[in-house]
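Protein chains in written order, with the working numbering: chain A, -3 to 285; chain B, 4 to 394.
Hint data in this document are derived by calculation from the structure and do not stem from the laboratory.
Note that beta-carbon positions come from the ideal geometry of N, C-alpha and C, so glycine has one too.
One should not assume that every hint holds.
[Unchecked claim] Restraint ranges, calculated between C-beta atoms of paired labels, are given here: (1) B:P144 x A:P238: 18 to 24 Å; (2) A:A190 x B:P144: 28 to 34 Å; (3) A:G86 x B:I347: 53 to 59 Å; (4) B:E359 x A:E111: 48 to 54 Å; (5) A:E111 x B:P144: 42 to 48 Å; (6) B:T338 x A:R284: 18 to 24 Å; (7) A:A190 x B:D174: 45 to 51 Å.
[As the list claims (entries may be wrong)] DSBU-like mimics (lysine-lysine), calculated; alpha carbons at most 35 Å apart, straight line: (8) B:K123 x A:K112; (9) A:K22 x B:K235; (10) A:K112 x A:K39; (11) A:K110 x B:K146; (12) A:K265 x B:K281; (13) B:K123 x B:K48; (14) A:K225 x B:K183; (15) B:K66 x B:K123; (16) A:K112 x B:K363; (17) A:K265 x B:K194; (18) B:K194 x A:K110; (19) B:K74 x B:K235.
[As the list claims (entries may be wrong)] So, partial list: chain A residues that the calculated Cβ filter (under 10 Å) puts toward chain B: (20) V48; (21) P49; (22) I135.
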Amino acid sequence: MSIFIDSNSTVIVQGITGRDGSFHSKQMIEYGTRIVGGVTPGKGGQTFEGSVPVFNTVHEAVKATGANTSVIYVPPMYAADAIMEAADAGIAFIVAITEGVPVNDMTRVYPFVKEKGARLLGPNCPGLITPGQSKVGIIPGRICTPGSIGVVSRSGTLTYEVVYQLTRAGMGQSTCVGIGGDPINGTSFIDCLAAFEADPHTTAVAMMGEIGGTDEQEAAEFVRTRMTKPVVGFIAGQTAPPGRRMGHAGAIISGSAGTAAEKLESFEKAGMGIARRPIEFVEQLRARM
Amino acid sequence: MDHQRGEGVNIHEFQAKELLRAEGVPIPPGDVATTAEQAEAIARKIGGMVVVKAQVHTGGRGKAGGVKLAKDASEARQIAGKILGMQINGLTVHQVLVTAAADIASEAYVGIILDRASRKPVFMVSPAGGIDIEEVAAKTPEKIMKLPIDTRYGLQPYQASELGFFLFPDDVKKVRAASKIMMSLYQAFMKHDASLAEINPLVVTPAGEVLALDAKISIDDNALDRHPELVKLRDETAEEPSEVDARNSSLTFIKLDGNVGCVVNGAGLAMATMDLVKYYGGEPANFLDIGGSSNPEKVVNALRIITGDPSVKVILFNIFGGITRTDDVANGIVTATKANPLRIPIVIRLTGTNEEIAMKILKENGFSASSDMDEAVQQAVALATKGGKAA
Chain A
-3 MSIFIDSNST VIVQGITGRD GSFHSKQMIE YGTRIVGGVT PGKGGQTFEG SVPVFNTVHE
57 AVKATGANTS VIYVPPMYAA DAIMEAADAG IAFIVAITEG VPVNDMTRVY PFVKEKGARL
117 LGPNCPGLIT PGQSKVGIIP GRICTPGSIG VVSRSGTLTY EVVYQLTRAG MGQSTCVGIG
177 GDPINGTSFI DCLAAFEADP HTTAVAMMGE IGGTDEQEAA EFVRTRMTKP VVGFIAGQTA
237 PPGRRMGHAG AIISGSAGTA AEKLESFEKA GMGIARRPIE FVEQLRARM
Chain B
4 MDHQRGEGVN IHEFQAKELL RAEGVPIPPG DVATTAEQAE AIARKIGGMV VVKAQVHTGG
64 RGKAGGVKLA KDASEARQIA GKILGMQING LTVHQVLVTA AADIASEAYV GIILDRASRK
124 PVFMVSPAGG IDIEEVAAKT PEKIMKLPID TRYGLQPYQA SELGFFLFPD DVKKVRAASK
184 IMMSLYQAFM KHDASLAEIN PLVVTPAGEV LALDAKISID DNALDRHPEL VKLRDETAEE
244 PSEVDARNSS LTFIKLDGNV GCVVNGAGLA MATMDLVKYY GGEPANFLDI GGSSNPEKVV
304 NALRIITGDP SVKVILFNIF GGITRTDDVA NGIVTATKAN PLRIPIVIRL TGTNEEIAMK
364 ILKENGFSAS SDMDEAVQQA VALATKGGKA A
C-alpha cells in the first residue's frame, strides 16, 4: 500500500499559523491529507481556514483529535522542543521540515524520541507523500502519481526531478520519502528500505543519496543481505570538493570519507542498479522489474 | 565510524584557546599580534622562549614554516615579520599567536567529534598525539579510544577518568589532570555548539604538568543564531570574497575551478547539476543553491556573483519549481539582465510551478528556455567549450 502514511493518517501541524506552516497546510488539505488540527502556542481556540482547530499545545491537540502524525514548521531554534513535545504527547510519526536545527539539539532529541517509541523523519527534509492518499510536508503533489515504486532521498528538489521523470515515464510511486540533508536525522535510508521491503505494494525502490557520511554504504549492505526487491541508486556530489559543505549540513566529504565513488562502489558490490544521471532511474528500474 | 570534520565556522587557534582557557583548560600564556612590533612586546611580557604561530585556517602550518621557536623577544619580532604576510596553502597570514614555549616529555590527542552513525558526539583520545589523528585511526586503531556521549546526561566523571587512564595507564596524577581537561573540553563543546573541539597535542612537561599546546574548534553554522559572540570570530579575510558576498545575500555558494556557472534551487539538485555538467564533458564553475523561496532579488544576486568570476563562459539555470515559483526566477533573470546586460551566453531550464507563465516572460524578453535538464546541460557545456552565441 504505502509506508509511514496513508489515507488514514490524521495529521496535526505544529506552527500552522506561521508563514510556511499556513502555506503548506493549505496545500496538504487541498491534496486530501486529513489535517485534523494545528498547534500555535497562544492561538488556541482559533480556527485555521475556517475549519481546522488550533490548540496551544500538542497534548491538547492529540487529546481532542486523536492525531497520530505531526508535521513541524517551527523556526530552527524551537524545532528540538517541538519534536520532543510531539513525542511526549504520544504522536507516533513526527515529520520535521525545519532547516537549520543545531546538531547538538538533535543529539538530545533523537534518544528521547526513540524512548517514546515514536518515529522522526527529518529535520531539514521535504517530508513524504503517498500519491493519491496523503502528503505530509512540502513535496508538490502534482508531480506524483500512484504506483509501485518506492522513492527515498536525502534531497528535496532532486527528488522532485526523479519523481517527475518516473511519472512522465508512466512509473507511479507507492510512497516518496525525503529523509533530509542533516548529519543527524531521525529516519535513515535503511529504515525506509526495510519499510519498502515489507510493503506488499512496493515492487522496486529508487534511492537518491549524496556525499557525506556512511548512510548509503550501510543501506547498500542492507540491500545485499536483507532485500529481495530491486533497488536503483544515485549519488549526488561526484564533483564536490573535499571538506566543503554542499548546502546540506551533512553533505561534506570528510578527509577521504563519504565520497561519491566510495558510495557508488558499495552500490555495485550490493548488486544494485546505478543511475549515473537522474533520467537513468527510468531505464534502470525498468530493466529490473 | 564517520566523523564530521572541518565544517561549520572555523575559529582561529588563539580564539579556540581563549574559549578553552575560560573553561579551565591549562594553556601556556600567549596573545595575538598583527605586527612584528606587537609580537615583540608580547614575547617580552611572557619572557624566555616563545613560539610564533601563523593563525590561518589550514593544516600543515608547521611544514610551511608558519610555526617557529624564538629564543627571545627580538627574535620573536624577526620571525613574526617573516610569518606575517606569508602564504600558506593559498591563505595570507594576517595574525600570529605568540605563546610561551613548553618543554615536552610526551604528546597525546584529545578530541570531540560529531559521530553521525551513533548520532552522538564522540570523544576520541590517543596517546599518539601531535600527528594526524585520521592517520592514527587508519593505521593503528588500537591506539585510539572512542567514547560516545549521551548529551542528555553529559560527560560523567567516571567516563573522563576512563579516557584519562587510556592515555596514562600508570600515573593517576596525570589521569586526574587529563580528566579535568576532558570535562572542560566537553563543557566548551556543548556551551559553544561546536561540531569539533580538539586539543592536539595535549602535552606532558618533564615536570609532569599536563597542558594544551594547540586547539581547534569549529562551530555548528546552524547554532550561530544563539551565539552572536561567536559570529564575530568568523574570519572573512580567510574566505573566498565571492563566497562571503553570497552568504550575505542568503545564497549558498562554493567556488570551483570550471567555466559553467550554475544557478540551481536545492542542494541535491545543485550537486546533481554539477555532476551532469561533468558527465557531458564540462566543468562546473560553482555550487549555487538559491534555496526554496526564490524572490527575484536572490536571482539578481546570484547572477552578479557568478558573472563576477571571469572564468565563467556560460550561465546555466536549472530550476525545478516546487515551492520555488519559476515565474519569480524568470522575473529575476529579466530584471538582472536589464540592469546589467550579459556578456556571456545563458541557458535556462525551468519546470514545475507556474512554468507556462515563466516561459512566456522569458520569451517576451528574448530568452529561450528548455524544460529538460539533460538537454540544457548539454547545451551549456557545448557553449562553454566552443564559446558560442547567447541563447
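Hints not upheld, ascending by number: Hints 5, 6, 9, 13, 14, 16, 17, 20 and 21 contradicted; others consistent.
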